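Produce the entire structure from the sequences given, and follow the hints as far as they go.
Residue-level listing of the chains:
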Amino acid sequence: MEYEVVIGLEVHVELATNSKIFCSCSAKYGAEQNEHVCPACCGMPGMLPIVNKKVVDLGMTAGMMLNCHINRTTTFDKKNYYYPDLPGAYQTTQLFAPICVNGRVDIETSKGKKSVRIKQIHMEEDAGKLVHDDWRDLTMVDYNRTSVPLVEIVSQPDLSSAEEVVAYLERLRSLLRFAKVSDCRWEQGSMRCDVNLSVREKGSDKLGVRTEMKNMNSLAAITRAIEYETARHIDAIVNKTEELVQETRRWDDEKGKSFAMRTKETAGDYRYFPDPNVMPVVIDDVWYDRIKATLPEFPEIKKQRYMEELGLGDFDASSLVESRAFCDVFEEAYAECGLAKDVANWILKDCANLLNKKQMTADMLAIDGRALGKLIKLVADEKVGRANAKFILAEIFEGATDPEKIAEEKGFIVSNDTGLIEKVVAEIVAADPKSVADYKGGKEKAFMALFGKCMRELRGNCNPQVLRELLLKEIEKA
Amino acid sequence: MQDLLDTLEKVNQLALTQDEKASVQAYFERVAQDLPSFAEVDTQNVTPMVYVMPLSNVLREDESSQPFTRDDLQKGAPEAEDGYWEVPRLIE
Amino acid sequence: MIYTTKKEPTYQQKAVALDDMILTKDSPTSAGSKMLENFTSLFDGTVVEKLAENYEIVGKVTVSEFSRGMLADSAVAALDEKQIKGVIGVETNGAYTRSAALSGKVFVKPTYGTVSRFGLIPVACSGDTVGVMADNAETCEELLSVIAGHDDKDGTSLPQEMIEKAKEVTPVKKVAIVKGFDGAAVESAVEKARAQGVEIFEVDGEILLQAKAAWAILSSAEFCNNVSKYDGVKYGYRAKGCRTIEDIYVKSRSEAFGTDVKTAILYGSHVLSSDNYEKMYDKALRVRRLVREYLDDLLTKVDAVMLPACSTANLSVNAISVYEESLYTAPASITGLPVVVASGVQWLGKPLAEGSLLAFSKQL
Numbered sequence: 001m002e003y004e005v006v007i008g009l010e011v012h013v014e015l016a017t018n019s020k021i022f023c024s025c026s027a028k029y030g031a032e033q034n035e036h037v038c039p040a041c042c043g044m045p046g047m048l049p050i051v052n053k054k055v056v057d058l059g060m061t062a063g064m065m066l067n068c069h070i071n072r073t074t075t076f077d078k079k080n081y082y083y084p085d086l087p088g089a090y091q092t093t094q095l096f097a098p099i100c101v102n103g104r105v106d107i108e109t110s111k112g113k114k115s116v117r118i119k120q121i122h123m124e125e126d127a128g129k130l131v132h133d134d135w136r137d138l139t140m141v142d143y144n145r146t147s148v149p150l151v152e153i154v155s156q157p158d159l160s161s162a163e164e165v166v167a168y169l170e171r172l173r174s175l176l177r178f179a180k181v182s183d184c185r186w187e188q189g190s191m192r193c194d195v196n197l198s199v200r201e202k203g204s205d206k207l208g209v210r211t212e213m214k215n216m217n218s219l220a221a222i223t224r225a226i227e228y229e230t231a232r233h234i235d236a237i238v239n240k241t242e243e244l245v246q247e248t249r250r251w252d253d254e255k256g257k258s259f260a261m262r263t264k265e266t267a268g269d270y271r272y273f274p275d276p277n278v279m280p281v282v283i284d285d286v287w288y289d290r291i292k293a294t295l296p297e298f299p300e301i302k303k304q305r306y307m308e309e310l311g312l313g314d315f316d317a318s319s320l321v322e323s324r325a326f327c328d329v330f331e332e333a334y335a336e337c338g339l340a341k342d343v344a345n346w347i348l349k350d351c352a353n354l355l356n357k358k359q360m361t362a363d364m365l366a367i368d369g370r371a372l373g374k375l376i377k378l379v380a381d382e383k384v385g386r387a388n389a390k391f392i393l394a395e396i397f398e399g400a401t402d403p404e405k406i407a408e409e410k411g412f413i414v415s416n417d418t419g420l421i422e423k424v425v426a427e428i429v430a431a432d433p434k435s436v437a438d439y440k441g442g443k444e445k446a447f448m449a450l451f452g453k454c455m456r457e458l459r460g461n462c463n464p465q466v467l468r469e470l471l472l473k474e475i476e477k478a
Numbered sequence: 001m002q003d004l005l006d007t008l009e010k011v012n013q014l015a016l017t018q019d020e021k022a023s024v025q026a027y028f029e030r031v032a033q034d035l036p037s038f039a040e041v042d043t044q045n046v047t048p049m050v051y052v053m054p055l056s057n058v059l060r061e062d063e064s065s066q067p068f069t070r071d072d073l074q075k076g077a078p079e080a081e082d083g084y085w086e087v088p089r090l091i092e
Numbered sequence: 001m002i003y004t005t006k007k008e009p010t011y012q013q014k015a016v017a018l019d020d021m022i023l024t025k026d027s028p029t030s031a032g033s034k035m036l037e038n039f040t041s042l043f044d045g046t047v048v049e050k051l052a053e054n055y056e057i058v059g060k061v062t063v064s065e066f067s068r069g070m071l072a073d074s075a076v077a078a079l080d081e082k083q084i085k086g087v088i089g090v091e092t093n094g095a096y097t098r099s100a101a102l103s104g105k106v107f108v109k110p111t112y113g114t115v116s117r118f119g120l121i122p123v124a125c126s127g128d129t130v131g132v133m134a135d136n137a138e139t140c141e142e143l144l145s146v147i148a149g150h151d152d153k154d155g156t157s158l159p160q161e162m163i164e165k166a167k168e169v170t171p172v173k174k175v176a177i178v179k180g181f182d183g184a185a186v187e188s189a190v191e192k193a194r195a196q197g198v199e200i201f202e203v204d205g206e207i208l209l210q211a212k213a214a215w216a217i218l219s220s221a222e223f224c225n226n227v228s229k230y231d232g233v234k235y236g237y238r239a240k241g242c243r244t245i246e247d248i249y250v251k252s253r254s255e256a257f258g259t260d261v262k263t264a265i266l267y268g269s270h271v272l273s274s275d276n277y278e279k280m281y282d283k284a285l286r287v288r289r290l291v292r293e294y295l296d297d298l299l300t301k302v303d304a305v306m307l308p309a310c311s312t313a314n315l316s317v318n319a320i321s322v323y324e325e326s327l328y329t330a331p332a333s334i335t336g337l338p339v340v341v342a343s344g345v346q347w348l349g350k351p352l353a354e355g356s357l358l359a360f361s362k363q364l
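Protein chains in written order, with my numbering: chain A, 1 to 478; chain B, 1 to 92; chain C, 1 to 364.
Warning: the hint list may mix true and false statements.
Chain C stretches covered by chain A per the calculated footprint, using a threshold of three residues with CB under 8 angstroms from any CB of chain A [claimed, not checked]:
| no. | stretch |
| --- | --- |
| 1 | 74-83 |
| 2 | 118-130 |
| 3 | 233-240 |
Derived from the structure by calculation, the hints contain no laboratory data.
Please read all numbers here as calculations on a predicted model, not as lab measurements.
Every residue, glycine too, gets a C-beta built ideally from N, C-alpha and C.
What follows is the structure in C-alpha cells.
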C-alpha cells in the first residue's frame, strides 16, 4: 500500500507597522521587556481598541499579492482562552468576515508547477512572550509583543511534501517582503508557521487523522518535523504502533521528535463572538484602488524585465530581486544613469559590502538611488576615480544626496591636465630606478607598484587608462 | 446539568461551592423557561445586530507613543521583578 | 457605605459624584468587587476629564459588584445628602433606572455613543452607557451636556455633529404604552402625561418581551469576556499560596468574585459555546435587530414609548430577580436608545431624542 501526506499551513506574519493593532504602543522588535506596553495591552480595564489603518492596508496588500478576493466589509471577533501570554484572556481576530478569502500561490518544485489555494487571510493581534526560568522555577511574562499586528494566512490542504512546503513558504516570504507587508524574519519570530498534517492511502479522497504542530520557526525544522510526523503517522497506520488522535503537538527540534501538548490548545472551544467595540471596516473603491496601485511587480516578472530589457545576466537579476530594497535602489539609480550593469555591480558588491560591515540585511538598504546613479555616472564619465567613488558611496550611505558636491569638496574630480600627470610620472619613475629595472626585467608587479605610487600622488584623480599609457611611455624612456 | 456546570467552571477558571452551584443552576433553569418562546421568534431573514449605532471605519494613523512607564504598569502587580510579571513555571 | 472616597465639597453648586465603575487616577476604582479592591487606574476616564474642567468631583459612590445588581442605591443616598448636584454612573442592566424610579429621582440614559466609554470598567460593551442621576431634569440636562461629546478614544463614539442633535427639542405629544408591560407607577404617569395634553396609545409590542432573554444572553457573554482579564496575574486580587498558574486563576477568581458575578460568567460562556452560539448568541443578535426595528418604526408614529421601570417597589436582590426586572429595562439596554426616568417610569425615545425627553419630563 502506498501512502501520501496531506499538509495545510497556517502562516503567521507580523506586519511592518510602527504601532500595535489596537493601541499606540510601538510594534518594533527588540525593546527591553515590557517597555512597549500600555494599560490596554497588559490587560487593564478602561481603554478601547481603535484599529490601526496601516494594518488594514497591509492586510489588503497581502491578499492582493496572493490573488485573494478582498472582503469589502471586514469585522473583528474575540477568541477566548486563558494563558499568561494573553493578558485580556482573549485575542481579537477575525472569524466571521476575514479581510481576504480564496487566493492562490503558485510554486515550483522538482516535480513541476503547482497552485496552492489560500483559504483566507485574517488580521489579528499577537500574544506576549513567556521566558521560562528553570533556576527560580518561574515563568516571566513580557507583553511587548502583545497586540503586535499579524496576518494569518491559511492554506487549503494542498501540499504533499516537505519540499512543496518549503517552496510555498519561500514564495510567500518573497511576495510579502516584496510588498513590504512584513520583514518575514524567521529568527525574530515575525514569520511563524503551524503545520497541519495527515496521511492517507494514495488516491483516497478521505483525509486521515490530522495533527497540528504549532509555532515552527525555521525551514529546516519544518522539513524535519514533516518528515518525522509523516513517518510517525504511517507507522501508526501500518504497524499499529499507536492510535492517532487529532491533537496539537510541539516539535522539539533538538530531540528530533514531536510531543503532545498538555496546555492551552486542548481547550478546543474558543467561544468566539463579534467584538462590539470595533466597528466594521468598509473598503470602498478609492481605498481598494489606492492599495492596488502600490503593489510591486512580482519578483519573477521584475527579474525577467531586468534580463530582457536591461540586459542583466541571470545571476545579477536573481540577486537583485532577492530584496525589494535592492530593486528600489537599482531602479532609481538606473533611471538616473542608464547603466544597468554598473548599477547592479555597485549594489551587489559595494553596497552589499557596506551592509555587511554594518551587520545589516539586504532589506535594510535605504540609500538615495538617484545619488548612487549620479555617482556611477561620474565614474563612467571618468570624472571620479573608482577608489574615491567608494569613499563617496560611504557618504551616500550616511544620507548624502549630491556626490558631485562631495567630489568637489574632497578634491576628487579627475584632472584632465595631462601635464600634471606627466610631471608626477616623471618624478616617480626618476625616484625609483629599481622598480623600473625590475619591470623591464619581467616583473609585472613592479609596474603595479609604480602605478599605485603615481595614483596616490595624484590622490586618485586621474583617468587610470591615461595614467597607464603615460607611465609605460616614461618607463620606456628611462 | 452538573456536567455542564463542571465544564463551565473549568472553562472560566472558577471553582464553585455547592451553594453557589445551586444558585447558578436555579438561574440557568429560570432563563431556560423563556427560551422556547425566544426560539420561536422568526429570525430567518434578519441579520445579526452587533452594533447599535451605524458607524464604520473608525481608524487611527500608524503612529506610536509610549505614555505609560513599565514601573507604573507594574505598581499593582502581585508579582513582578526585573521588569517582568511573574507566574509559577509553566509546563508545555 | 455610600462613598468609596469622599472629600467635603467646597462649592456645592458644582459638586458631583461618580460611580465606582468610572476610572480615576487619583483614587482607586473597584467596581464593587474584591477583585479590584486596591486597583487604581493610570488614567482618568474621558467623562472625568470633561467634568474636572468646571465641576468638583467630591467622591465615588459604591456600586453592586460590576453594577450587575438590582439597584444603584448609593447614588440615591448620595443625592439625598443634598451635598451634590448629580451622580454620573454607568447603566448596564437597569440598576439606575429602577433606583431613580423608586426614589423619585430623574435619570437620563443617553443614546449609546453620545458619551464616551473610554475609562469605564466594561461590563457589557454593546450596551454600557454613562448616564446622569439627579433631583431634577434641569440638572440632568446640564450635566449631560458636559459629559456628552465625540471621543477619538472610543471606537463607538458618534460624530460630534450627531451628538449636537441630541440637544434639539421637539415636543412629546404622542406616547405609546405596550401590552404585557404592567408594572409600578404606570397609572399615575399616564395621568400626568394626559394632564399635559399627551395622547396615549396602547400597542402590541410582543417582540419587546423577547428583549429580556436576548439581553441576558448578550450581556452575560460580553460580561464573561470582560471579566476574564481579572486573573490574578497582572494586578488586582491574587489568592495566597498558589503553586501553579491554574491555582492563581481559579483561587483568585473564586475567592474574589461573588455568586451573581460567577452566575453571569458561567451563563455567558454557556451561550457562546460552539453548540449554543447559533441558537442563543446569534439568535439574540437577530432578536436585538427586531426589537430595534420595531421601536424605530413605532417611534416614527409616536414621540416616546412609556415603559414601567420595575414591577413593584419591593424588589429582592438576587440574580433571578434582576433577570425578572430586566423585562422592563432590556428594550433600552439592548437597542442603545435613550431613556429618561421620571415620574417613576421610563420614557424611551428614538436615537438622540434625550433632549426632547428631558424637556418633556420637566412638565410632568
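Verification of the supplied hints:
no.	hint	verdict
1	74-83	violated (count 0)
2	118-130	holds (count 7)
3	233-240	holds (count 3)
Taken one by one, the earlier hints fail for this structure only at number 1.
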